[in-house]
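There are 2 protein chains.
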Amino acid sequence: MRIGWALLMTVMVMASTTAEQEPQLLRLMPWPESVKTVPGSGRLIVGNSFSVSVSAGGANPQLRRAVAIFLDDLRRHTGSLPLDFAFAETGKGQLQISVDRASKQVQELGEDESYSLEVTASAAILKAPSTLGAMRGLQTFLQLAQITPQGFSVPTLVIQDKPRFPWRGLMIDSSRHFTPIDVVKRNLDGMAAVKLNVFHWHLSDNQGFRVESRRFPKLHEMGSDGLYYTQEQVREIVSYARDRGIRVVPEFDMPGHSTSWFVGYPDLASGPGPYSIERKWGVFDPAMDPTRESTYKFLDEFIGEMAKLFSDEFFHIGGDEVNGKQWDANARIQQFMHSHSMKNNADLQAYFNERVQKIVAKHGKIMEGWDEILHPDLQKSIVIQSWRGQKSLADAAQQGYRGLLSSGYYLDHMDPASAHYAVDPFTGPTAGLSDTDKQKILGGEACMWAEYVSPENIDSRIWPRMAAIAERLWSPQNVTDVDSMYARIDKINSWLDAYGLTHNTARMLMLKRTADAEEVSSLHTLADAVVPVGIDGRYDLPSVKPTALTPMNRLVDAAAPETVKGRQFAALVDAFVSGKIKPGMEAEIRSTLTQWRDNDIHFRALAENSALLQEALPVSRDLSALGQAGLEALDYLDRAEKAPEDWKTQQLALTQAAMQPKAEVVLIVAAPIQKLIQASAGEAPTNLPLPKSAD
Amino acid sequence: MRIGWALLMTVMVMASTTAEQEPQLLRLMPWPESVKTVPGSGRLIVGNSFSVSVSAGGANPQLRRAVAIFLDDLRRHTGSLPLDFAFAETGKGQLQISVDRASKQVQELGEDESYSLEVTASAAILKAPSTLGAMRGLQTFLQLAQITPQGFSVPTLVIQDKPRFPWRGLMIDSSRHFTPIDVVKRNLDGMAAVKLNVFHWHLSDNQGFRVESRRFPKLHEMGSDGLYYTQEQVREIVSYARDRGIRVVPEFDMPGHSTSWFVGYPDLASGPGPYSIERKWGVFDPAMDPTRESTYKFLDEFIGEMAKLFSDEFFHIGGDEVNGKQWDANARIQQFMHSHSMKNNADLQAYFNERVQKIVAKHGKIMEGWDEILHPDLQKSIVIQSWRGQKSLADAAQQGYRGLLSSGYYLDHMDPASAHYAVDPFTGPTAGLSDTDKQKILGGEACMWAEYVSPENIDSRIWPRMAAIAERLWSPQNVTDVDSMYARIDKINSWLDAYGLTHNTARMLMLKRTADAEEVSSLHTLADAVVPVGIDGRYDLPSVKPTALTPMNRLVDAAAPETVKGRQFAALVDAFVSGKIKPGMEAEIRSTLTQWRDNDIHFRALAENSALLQEALPVSRDLSALGQAGLEALDYLDRAEKAPEDWKTQQLALTQAAMQPKAEVVLIVAAPIQKLIQASAGEAPTNLPLPKSAD
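For the protein sequence lines, the chains are A and B, in the order given.
Taking the working numbering, the leading residue of the first sequence gets 1, the next gets one more, and so forth.
Taking the working numbering, the leading residue of the second sequence gets 1, the next gets one more, and so forth.
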């Protein structure tokens with residue numbers, strides 16, 4: 001059965017090869033601004049004696065380091081050894097880099113990242129105004145180097161490239177679950193690989209305060225369960241990121257989302273203590289007291305300390321989701337609001353933000369915050385990160401504030417790459433902005449909130465979908481072809497393995513652990529047919545309420561947010577029901593449906609020995625029923641016999657039931673089977689949405 | 001086809017379940033001295049609130065650390081979080097540990113490693129005379145904790161356990177290819193998991209000197225290509241190993257195997273310099289000059305420095321494979337030998353060893369060396385490590401020397417686990433030793449020579465086969481059932497994944513990289529049918545002569561030394577041709593043969609795009625032909641028709657040709673197919689050895 005699929009895939013790839021322009025087949029992501037290939041002009045061989053030279057004028061320690069990192073990466077991608085590849089004298093390398101000037105020591109927003117790369121069969125010339133652009137071009141070269149009949153080689157081509165947006169980020173929440181240093185590093189490698197340039201590090205929240213503070217040691221000592229970054233580690237990460245052209249923007253969320261601060265410093269809070277580290281998920285009452293001068297004195301000293309530790313010019317103060325209950329309940333705060341003519345909690349928070357903004361500015365930083373900080377009293381220099389959408393971004397821009405989009409880029413929503421790919425900072429309300437206002441939209445950031453990620457599965461929640469968002473923020477706005485994106489993201493997905501990212505391997509190991517068995521193909525078949533529910537779906541669960549202490553060792557934790565099998569099956573069915581039938585297509589659909597139908601008996605044998613798998617038994621039964629329903633639908637279609645109305649009604653009820661999340665996973669393959677049923681009943685197949693809670 | 005196999009495997013496991021004693025099914029390796037299970041008495045649940053307590057008297061920092069490591073390991077094995085599981089007050093834990101005394105600060109040879117473990121449905125009691133025994137018992141507990149219908153749990157049982165040999169080691173050659181620190185650490189984790197207690201670290205050889213020497217910095221500066229361990233890293237590894245009950249014995253090979261020393265210090269050598277780091281493999285001429293006092297002055301200072309860095313009481317000086325050519329060619333050395341009445345180079349080396357032994361002893365260490373150092377002039381305290389076999393071990397013991405066996409445990413020979421498992425320190429010449437002399441056989445060490453291992457594939461050369469050797473050295477001599485060993489090693493193999501060992505995942509990633517394709521099932525089918533040739537096979541190759549700089553990114557580098565598929569197919573055929581036919585067995589053999597026959601067309605499509613795979617085309621063609629031959633043999637058997645003589649001759653020629661290494665891999669499945677052919681021709685199937693060079 002697998003072999004059947006393999007054959008089909010070969011056919012599909014060959015078909016798309018002829019249908020597409022050659023450049024579309026290059027393993028490049030994000031897609032460059034301009035790519036001109038020169039067919040038939042050979043390839044540049046990247047053998048063990050491959051060397052890189054740097055222009056005499058542009059040589060600088062930054063660039064030397066960037067090339068050293070590039071050579072290491074090239075070794076990882078080709079399976080070569082530490083002594084393979086080398087620096088060469090200027091003008092003598094197979095890859096010759098010329099750079100006009102060093103980039104800033106502390107990387108800044110808006111620095112030139114452009115580059116050009118010209119590859120002939122004898123040499124590659126990489127030119128960039130600054131080191132930063134050369135770093136981006138080196139990543140392009142890395143992606144192009146692939147095994148060919150001649151060995152590892154790069155196609156001859158000419159690339160001109162520069163980013164569409166100057167702020168292309170990934171936020172990782174290291175508070176709700178701690179992210180060990182090595183996990184951060186490999187994700188920085190991945191970020192650099194897809195030309196992202198901002199690592200937004202969410203370092204404090206109700207569930208944990210993650211940075212050593214020497215000025216206020218009870219922050220990390222009492223607020224972190226011992227899981228925090230030393231200042232030395234922070235410096236190591238900032239430097240590691242800088243070497244890869246990535247800025248590190250720290251976030252310390254305030255005045256809400258701050259329970260972990262109050263464990264050691266309860267006087268900061270607006271309600272009486274004592275406080276303990278929060279273990280549950282959600283929005284909680286504790287908030288800083290904006291009315292006391294001692295709060296600002298504390299923040300002045302704390303921000304002063306952190307401003308030195310984090311070199312970036314931006315400082316994120318969070319500012320989201322303050323429910324105001326502690327403020328409402330505190331008579332002194334109410335009195336303060338009254339005496340300052342504040343109408344509501346928003347006014348009080350604006351006052352807080354204004355005070356904090358002055359502190360942040362005093363320490364040489366520009367303040368950034370989530371949507372909620374937007375208030376006319378705040379200076380125009382601040383940056384708004386929008387989790388609410390393009391509307392709030394457009395409002396901010398029209399009021400003169402810079403902003404970036406995160407709405408639509410929440411990785412914890414478990415949406416497919418195509419959904420994120422479709423979200424553009426300039427659609428809807430932002431599309432109509434004036435050119436001047438558009439300049440205020442700096443880009444976007446994907447958000448990896450960490451309620452349900454562990455060091456083991458975080459990579460699989462970020463990659464490869466992050467690459468689609470990276471392309472949206474780097475590539476020209478008209479690069480929107482979803483088929484091309486998927487063709488390339490599938491390649492990038494495997495290519496990213498070389499960085500030690502575990503998005504592919506961890507799933508396998510985690511699945512195997514749930515079964516504690518050697519032969520787990522039935523589990524893989526099931527896992528390929530499901531995706532985890534998004535975070536909102538998990539909040540909505542009536543019974544199970546996971547906390548920060550709940551192990552993440554279940555099917556939902558191992559399952560990928562998008563599966564190649566699920567996507568390809570849906571594509572096959574779409575083609576089939578729309579009449580674009582190719583030879584072998586129906587046989588493949590049948591083969592897959594049969595596999596699903598027959599999988600349950602094998603899965604049951606596994607699950608009966610495992611407490612971790614028993615919850616998935618209903619999912620497996622549903623998959624079996626779906627397989628059967630799909631096969632019956634095909635039978636009707638084969639016989640050119642319209643499926644009876646009552647059969648159709650019954651089967652659609654079955655698919656609808658199968659679409660309900662169980663064990664916190666959703667059978668992603670139910671939708672295409674629904675289409676087969678509809679088609680067999682002579683109805684136009686509709687793309688019925690999964691009954692998933694809205695984000 | 002895969003599903004067919006899955007079904008078959010289920011049947012096979014079920015069959016063996018009924019055939020074996022229940023204890024044999026426990027995932028325990030090495031098998032304990034005594035295991036008594038109590039069927040039907042429930043299991044001890046290992047939930048998130050699981051806790052461990054330590055007896056008040058035996059509590060010591062060593063033990064606290066061991067328990068902390070155990071809890072971390074338990075988290076890794078169960079997919080739990082840093083805050084799950086805890087220490088409990090004495091007597092309150094579900095696992096209660098009582099230890100009589102701390103082990104030595106610096107672990108010594110022969111310390112008591114015994115323990116007892118009693119598990120009831122309410123608690124587990126682990127008792128040991130010392131911390132070291134508790135560490136071993138904790139590993140047993142870890143192996144027993146598995147997912148069950150009740151969650152993670154441990155069966156109720158009583159185990160009494162202690163090692164058969166006091167020296168159970170793994171040697172890693174970090175000279176020929178450097179072993180990064182993280183690779184060393186994860187292998188130490190694996191060693192601890194199977195109760196090994198000696199990490200023998202081969203730190204210098206012709207191809208690299210790998211430790212920072214502050215006294216003689218040109219050793220690491222000029223002899224390592226920058227790939228060396230700082231003294232801080234060495235201390236980190238020694239401490240990491242100590243925390244896991246593992247001694248670290250350093251080896252600095254002398255007077256041969258020492259070209260890398262001479263790069264910085266040519267005056268140490270017996271021939272004129274200059275020297276450069278050796279890139280080729282083999283035995284080379286350069287050797288230290290045993291006739292100059294300056295040599296011993298150097299070694300005195302060097303060994304003095306290293307003796308402080310490495311705390312273990314043993315110090316390995318190598319001493320192997322001196323070809324003597326530099327000595328023969330040096331008139332001054334010849335004169336020295338003459339004036340000292342030395343008959344040959346062996347006498348000269350004995351003189352050298354005697355001098356070095358005094359230096360080693362002066363710095364408080366016991367000297368260890370390979371077979372060649374054995375000489376009646378040397379003190380009886382030294383230890384001989386035998387790569388030549390039980391004969392030299394027996395000779396040494398009879399002369400009063402202690403020894404350990406490495407012959408038969410060379411992991412680079414690419415032998416199956418069963419081959420190593422069959423090698424016992426007390427077979428052949430050692431079996432007849434007196435009890436006193438037997439005491440001198442301390443145990444054994446597996447050797448991971450590093451000509452053909454990279455950080456990427458080293459784990460796959462060590463694991464899981466190392467576990468079989470570990471069992472040989474720990475378990476009672478009568479634990480020899482190969483089926484039981486394989487049943488358990490297959491479980492341990494997956495279980496070891498949790499330590500970050502890449503023996504399973506790297507193969508997948510490396511294979512994928514050779515093809516640079518998403519769909520590589522044909523490559524997996526081929527890889528499952530082959531094993532790499534052993535190191536001697538690679539030396540013998542007439543054409544390709546890999547060096548230390550040759551990338552290890554080929555099929556031979558990715559292929560596992562033993563495949564489950566290959567082993568199971570051989571077992572199926574053995575059963576089939578010996579008449580022990582079960583329902584479905586022939587269908588499974590047929591299905592596998594058909595898959596092999598039909599695989600070539602898919603593999604060719606992959607290989608045509610990859611310079612790395614093209615060398616494997618003849619192997620794939622052979623596999624296809626073997627599949628066809630096997631199917632034809634089955635057809636004759638089905639028809640109860642004796643296969644014609646000329647057909648048989650032709651097919652056996654084909655299998656013999658297929659058995660010849662190509663692309664440095666061997667088709668391991670050729671041998672069982674040969675048996676099918678013989679059976680179809682009415683001949684008794686013989687277990688023809690593969691035409692592989694002898695070790």
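Since the hints were derived computationally from the structure, they do not count as laboratory data.
Virtual Cβ for every residue (Gly too), placed ideally from N, Cα, C.
Keep in mind that a hint or two might mislead.
[What the hints assert, rightly or not] Derived CB-CB ranges, DEER-like:
{"id": "1", "chain 1": "A", "residue 1": "60", "chain 2": "B", "residue 2": "331", "range": "52 to 60 angstroms"}
{"id": "2", "chain 1": "B", "residue 1": "102", "chain 2": "A", "residue 2": "614", "range": "31 to 39 angstroms"}
{"id": "3", "chain 1": "B", "residue 1": "89", "chain 2": "A", "residue 2": "309", "range": "38 to 46 angstroms"}
{"id": "4", "chain 1": "B", "residue 1": "64", "chain 2": "A", "residue 2": "272", "range": "54 to 62 angstroms"}
{"id": "5", "chain 1": "A", "residue 1": "60", "chain 2": "B", "residue 2": "102", "range": "51 to 59 angstroms"}
### Hint check, failures only
Hints 2, 4 are the ones this structure does not satisfy, whereas the remaining hints hold.
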